[in-house]
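Peer 1: Take a look at the letters that make up each chain.
There are 2 protein chains.
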Amino acid sequence: MILELAFIEVLPANHEAFEAAVKKGVEEVLSRAPGFIAVELQKGIERADTYNLHIHWETLEDHTVGFRESELFGQWRAIIGVYFANPPVVQHWSGLWRYVKS
Amino acid sequence: MILELAFIEVLPANHEAFEAAVKKGVEEVLSRAPGFIAVELQKGIERADTYNLHIHWETLEDHTVGFRESELFGQWRAIIGVYFANPPVVQHWSGLWRYVKS
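Just so you know, the protein sequences line up as chains S and F, in that order. Counting in our numbering, the first sequence runs from 3 upward without gaps. Counting in our numbering, the second sequence runs from 3 upward without gaps.
In case anyone wonders, no lab produced these hints; they're calculated from the structure. Mixed in with the good hints, there may be bad ones.
When chains are identical, the list treats them as one kind, so a pair holds in a single copy or across two.
To be verified - Listed next, the in silico PhoX-like pairs over lysine-lysine satisfying Cα-Cα at most 25 Å (straight line):
hint: 1; residue 1: Lys25; residue 2: Lys103
hint: 2; residue 1: Lys103; residue 2: Lys26
hint: 3; residue 1: Lys26; residue 2: Lys45
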């Protein structure tokens, strides 16, 4: 399990359209990608024009090779990319440990 | 529910000690903070000397006021802060939407 963490800046006039586009893009495209597990959309509190996407993949290559080199990637970016104010900042993270209050 | 996302750089010689310190600090201190829900520790793939902590709180103020102004904060930082190579970068995020592949 690998976490893709993407920070995406969106101008205020496009917030609502971007949020709707993410839902559409996930349901129609991203959810069909091999190795895709789950996604969360979050909005910044201090950085009010920045969203993040937490995308969980089975392996790093499911994202960096399988998805990015597939036709699905172009379709996904066509749906959400029009709302990007800047190129997104994307990095990957490996989960080490988790604690949940009982 | 609010996500605190903290990026923490740690020099390679301290990775193992830092990971152990996080577990100790969570179990002995952070887990006792009012409003604390869960935490995940992750390690960067591209940024191999950077960890992130995802800390889930019931409200923003549970972190920014309740925890940071309590004695627990000093105890937490005493356990993990010795391993910080730089001041951590901490921001808060509101969850909007989640999709899990069925």
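Peer 1: So, for every hint listed, does it hold in this structure?
Peer 2: Evaluated hints:
Taking CA atoms no more than 25 Å apart as the test, Lys25 paired with Lys103 passes between copies only; the shortest distance there is 13 Å, against 30 Å inside one copy. Taking the shortest alpha-carbon separations for Lys103 and Lys26, only the inter-copy value of 14 Å comes in at or below 25 Å, while the best intra-copy value is 34 Å. In the homo-oligomer, the alpha carbons of Lys26 and Lys45 lie at most 25 Å apart inside one protomer (17 Å), although the nearest pairing across protomers, at 30 Å, exceeds that limit.
Hint compliance for this structure: no hint is broken.
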